[in-house]
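Student: What follows is each chain in one-letter form.
There are 8 protein chains.
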Amino acid sequence: MIWTVYLSGEIHTDWREQIAAGAEAAGLPVEFTSANTYHESSDAAGDFLGKPENNFWRDHQSSKVNAIRTKTLLEQCDLAVIRFGDKYKQWNAAFDAGYCAAMGTPYITLHDEDIVHPLKEVDAAAMAWAQTPEQVVELLKYVTA
Amino acid sequence: MIWTVYLSGEIHTDWREQIAAGAEAAGLPVEFTSANTYHESSDAAGDFLGKPENNFWRDHQSSKVNAIRTKTLLEQCDLAVIRFGDKYKQWNAAFDAGYCAAMGTPYITLHDEDIVHPLKEVDAAAMAWAQTPEQVVELLKYVTA
Amino acid sequence: MIWTVYLSGEIHTDWREQIAAGAEAAGLPVEFTSANTYHESSDAAGDFLGKPENNFWRDHQSSKVNAIRTKTLLEQCDLAVIRFGDKYKQWNAAFDAGYCAAMGTPYITLHDEDIVHPLKEVDAAAMAWAQTPEQVVELLKYVTA
Amino acid sequence: MIWTVYLSGEIHTDWREQIAAGAEAAGLPVEFTSANTYHESSDAAGDFLGKPENNFWRDHQSSKVNAIRTKTLLEQCDLAVIRFGDKYKQWNAAFDAGYCAAMGTPYITLHDEDIVHPLKEVDAAAMAWAQTPEQVVELLKYVTA
Amino acid sequence: MIWTVYLSGEIHTDWREQIAAGAEAAGLPVEFTSANTYHESSDAAGDFLGKPENNFWRDHQSSKVNAIRTKTLLEQCDLAVIRFGDKYKQWNAAFDAGYCAAMGTPYITLHDEDIVHPLKEVDAAAMAWAQTPEQVVELLKYVTA
Amino acid sequence: MIWTVYLSGEIHTDWREQIAAGAEAAGLPVEFTSANTYHESSDAAGDFLGKPENNFWRDHQSSKVNAIRTKTLLEQCDLAVIRFGDKYKQWNAAFDAGYCAAMGTPYITLHDEDIVHPLKEVDAAAMAWAQTPEQVVELLKYVTA
Amino acid sequence: MIWTVYLSGEIHTDWREQIAAGAEAAGLPVEFTSANTYHESSDAAGDFLGKPENNFWRDHQSSKVNAIRTKTLLEQCDLAVIRFGDKYKQWNAAFDAGYCAAMGTPYITLHDEDIVHPLKEVDAAAMAWAQTPEQVVELLKYVTA
Amino acid sequence: MIWTVYLSGEIHTDWREQIAAGAEAAGLPVEFTSANTYHESSDAAGDFLGKPENNFWRDHQSSKVNAIRTKTLLEQCDLAVIRFGDKYKQWNAAFDAGYCAAMGTPYITLHDEDIVHPLKEVDAAAMAWAQTPEQVVELLKYVTA
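Note that the protein sequences, when read in sequence, are chains U, Y, E, F, P, H, Z and R. Mapping of the first sequence onto numbering that gives the first Met the number 0: position 76 corresponds to residue 75, and the numbering continues sequentially without gaps. Mapping of the second sequence onto numbering that gives the first Met the number 0: position 51 corresponds to residue 50, and the numbering continues sequentially without gaps. Mapping of the third sequence onto numbering that gives the first Met the number 0: position 38 corresponds to residue 37, and the numbering continues sequentially without gaps. Mapping of the fourth sequence onto numbering that gives the first Met the number 0: position 10 corresponds to residue 9, and the numbering continues sequentially without gaps. Mapping of the fifth sequence onto numbering that gives the first Met the number 0: position 98 corresponds to residue 97, and the numbering continues sequentially without gaps. Mapping of the sixth sequence onto numbering that gives the first Met the number 0: position 84 corresponds to residue 83, and the numbering continues sequentially without gaps. Mapping of the seventh sequence onto numbering that gives the first Met the number 0: position 137 corresponds to residue 136, and the numbering continues sequentially without gaps. Mapping of the eighth sequence onto numbering that gives the first Met the number 0: position 111 corresponds to residue 110, and the numbering continues sequentially without gaps.
Watch out, some of these pointers could steer you wrong.
[Stated by the list, open to error] Sample of chain Y residues with no beta-carbon within 12 Å of chain R, all distances over it, derived:
#1 T3
#2 T12
#3 A20
#4 A43
#5 D46
#6 G103
#7 E112
#8 V115
#9 E133
[Claimed, not checked] Think about it this way: if two alpha-carbon atoms lie no more than 25 Å apart in a straight line, the pair counts; the simulated DSS-like pairs of lysine-lysine are:
#10 P/K86 <-> H/K86
#11 Z/K140 <-> Y/K50
#12 H/K50 <-> Z/K50
#13 P/K70 <-> F/K70
#14 H/K70 <-> P/K70
#15 U/K88 <-> Y/K88
#16 E/K140 <-> P/K70
#17 Y/K70 <-> Z/K140
#18 Z/K70 <-> Y/K70
Hints were generated in silico from the structure; no laboratory data involved. Note that beta-carbon positions come from the ideal geometry of N, C-alpha and C, so glycine has one too.
The following block holds chain U by itself, in its conformation from the complex (with noise of 0.2 Å):
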């Protein structure tokens, strides 16, 4: 079985590549997937339909083309990986996981000590919290073994 895990949240790290170089050397039988991670053509991706006026117009449409692509891969996927960094809102990943929730689709998140509380209820939800992309890499050795 190949595992599909999908990595959701921060997007100013290198968190992705880090884990995706853990498990490539040490030949898990995993692949990854992920929404658009830049910035900019994210928040562009629907203008090419005609860009609205409206900030938020603007960013309704290019969010639900976005969707297509996160809501098709969140659905597929095997494990998610929810990453809370240290800057922003981050209101996605917390939404993604509680997609995940409700779906009964297992997530772990990755954050740090100091966002223990407000997380609560997100970690409540998740079967493990991680702290470092290490641990993660970890987790799918053995999950995969």
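Following the hints, complete the assembly by docking chains Y, E, F, P, H, Z and R onto the known chain U.
Tutor: Using the frame of chain U, we list chains Y, E, F, P, H, Z and R on its own:
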């Protein structure tokens, strides 16, 4: 039909009371449900089972006790109102929105204009975005007419 | 058992009233639900949230507010009656039929013989095709006997 | 991942071919499925079982044979494109859109601006509205990147 | 809890009445539902929509009108009793049993010992096999105690 | 797409072989699945677990062993062909039809005209009624084209 | 909202009565359901259908009659309490826990500390672990407040 | 079709190896999946995330890491074999059986005759009861033939 409306999110302002008062004044066939909105008792929800010394596990235990209530009420509602205020992380509100989206339960968001951009994924899956409790009451009037 | 019957489609004739009157005269254990059938207020359903200048987004916003109501009522009905008249496109009626088909909710169609051919896919997934409101009442009598 | 895209609706123009050509030119990981798009053979799909004299039942029989194919392909697609042209009723296209909406399958619409208003309910449940086959190809590029 | 019990199958003997009488005598919290059990009116259920000359389509039309009722009641029951008598094919009874099995709705069978072998697949998915209406009443007493 | 077609029902004639031969001759992208069609070995399917003396329990044990196979294959098929011959009760065939109906899996029936009336409920939920294996092959050609 | 709470497991102590008394004393909006808790009548639940001589089949028959009740009540509860005492195997209690987990129904466990290790998988999918009936009552107070 | 068979339960004897060897010798189209069967590494599955001092939380953390694997493999199998040996509580095996029952996944049990009575509920929802690994292999031969 009595509509059951789950009120999720911010607990530091009186938006729930404003909506409830507006609905009552208008005689709407609506009943409201909600998580425990008292911060301290919510954090201590699981302490009667033995309070873990470690903060992570204390939060974990309490959050799961709270989830018995919130998950049940959220799954039974006809409509959810997800409120984002100007303080705190409010990841649980975004989590609830994702949960609704996956279940196919309609929800609306209630937040100011200045957080339209970070909430774009949450708004994209919502049925409407309101900026004031009065608009929510207006919406409930229309929907339940 | 009280049967909940959703009446979908044409809003320019009094077919809903005829069915309701017939059901009441016969004392049937039936309650009817429906979308907002007033054209203007339906088109303006979302305007209280701020009326978008762009027609597409105004329609979009209003349609989603209407959908909170229609989706909920459609999902809760035991039977739907889908009416196609001789005017307008009535794509929302066909949309409701497809929605019912996917959910496994039984529906019947109500339309004249001259549109049998273009409605063949919609009729093929229906439980019956009626040509008059009287026939619908007859069917409700039989089904709820 | 190979994306399966169902192309529903209008059969009198070459929009399917344009999209397929654009996707092939771009080397996209996409495969297209569709109903039988030949009008006459579609109408006669059930005749080999014995052709009913009555038009309603002939249409009924053929539509159900067609539905074996369309229902299966629609349920297996990752994304549907629903096309509305300027002729005919095209209720089957709206029916497919409703079917997707109820299943939670993402779909986009493809139509001119002059039918935005009658299609508002169908568009409201869609992930995007495109006006040209080129925009659809653009969207497929983005989503499958 | 009031248990809803669907009584499916044979219509030429009074087994339904015997069970209902036994349940009433024992004051059980049970309500019974059933298809239309009058053979002639059942066969003519769709004739008010226009009686097709062809027998197959007449049966087809009537069966679908009947199915609005039976499918709804079958899907809403807590328990089904499937009765096979010594006459006729009774394929609709076996059909109902398969429908229950797929939904996960518990059902029991009621039939004589001499048809144990041809009913083995139907009995294998049942929760119990009874040979008399008295045994069915006994079972209802136990289950609803 | 390879279509998986489950062949259910009568085991005393060669209808399965005729359909398979026709499909192979036409090079159709179809694979067929089926229950164990050997009467004696099917009846003895559970005997290796210890043969119960009582006939009911022997049938019960064997039928459940058979059901591991049939339930799995039935749930995985894209289309089922349900065959009713002129002998025996064939309640398992009607059971399979009901199972398909509840799952939303399309099925067609294959039977002579003289049993149209007792099969009316089973036919009403079917997508087509064929009278010969040749017609079934014809249908598979059309559906998989 | 009245919460329905299913009480599963140990039948040799009065833990059910303690919880019910505590809930009643506190006036909680809770109703309790349960399997038949009388050992002998439970073992004999199917004997009225004819008592099989073979022990396996007698148990089989009785367990399925019991399952009509337990499966229905378990599927209808809002919360289950799964009790493990210090005697017997209690595999049915663990079975009920697994059933709840698969359905997404929240459950809590009630057991002493010395069996924490063998129950770790069952506890891992639970929303809480209580050690006394008083704690269960406390939890019900909080959840239904 | 390759059948995926999940082997759940007892980890102190070589029943898994016996079944696998028998299946391989017979060239069966079967692949086996399983939880981590090494007791110590299973108990320590979550320690790399930080080993909680409290035994309950250590078990909790490890069990959830294990559950990522077991839940996924259990949900993907076509058939489960649930083994109960003569030692230990083996509540996780009964939990897996309940999980399968709720999902509708067929499972068989493998255990000696002396524990028929305490396993009656688990056996009642099973498709077969085997007493030896050889019988399981026999069953796999029959089912996959």
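Student: Does the structure keep U/K88 and Y/K88 at a Cα separation of 25 Å or less?
Tutor: holds (7 Å)
Student: Is the claim that Y/G103 lies outside the interface with chain R correct, judged by CB distances over 12 Å?
Tutor: Consistent with the label, Y/G103 stays out of reach of chain R, its closest Cβ about 20 Å off (over 12 Å).
Student: Per the stated criterion, does the least C-beta distance between Y/E112 and chain R lie above 12 Å, as a non-interface residue requires?
Tutor: holds (40 Å)
Student: Going by Cβ atoms, does Y/A20 stay more than 12 Å from chain R at every point?
Tutor: At roughly 43 Å from the nearest Cβ of chain R, Y/A20 sits farther out than 12 Å, so the non-interface label holds.
Student: Given the proposed pairing of Y/K70 with Z/K140, does the C-alpha separation stay at or below 25 Å?
Tutor: holds (16 Å)
Student: Given the hinted pair E/K140 and P/K70, is their alpha-carbon gap at most 25 Å?
Tutor: Distance ~16 Å between E/K140 and P/K70 Cα, so the pair holds.
Student: Taking C-beta pairs only, is Y/D46 more than 12 Å away from all of chain R?
Tutor: It holds; Y/D46 is separated from chain R by about 15 Å at its closest Cβ, greater than 12 Å.
Student: Classify the label on Y/E133 as holds or violated, using whether its beta-carbon is more than 12 Å from each beta-carbon of chain R.
Tutor: Since the minimum Cβ distance to chain R is about 44 Å, Y/E133 lies beyond 12 Å and the statement holds.
Student: Taking 25 Å as the top limit, are the C-alpha atoms of Z/K70 and Y/K70 close enough?
Tutor: Holds, at about 22 Å.
Student: For Y/V115, is the shortest beta carbon distance to chain R beyond 12 Å?
Tutor: Consistent with the label, Y/V115 stays out of reach of chain R, its closest Cβ about 36 Å off (over 12 Å).
Student: Compute the least Cβ-Cβ separation between Y/A43 and chain R, then decide whether it is above 12 Å.
Tutor: holds (18 Å)
Student: Would you mind confirming whether the straight-line C-alpha gap from H/K70 to P/K70 stays at or under 25 Å?
Tutor: The hint holds at about 21 Å.
Violated hints are absent here; each numbered hint is respected by the structure.
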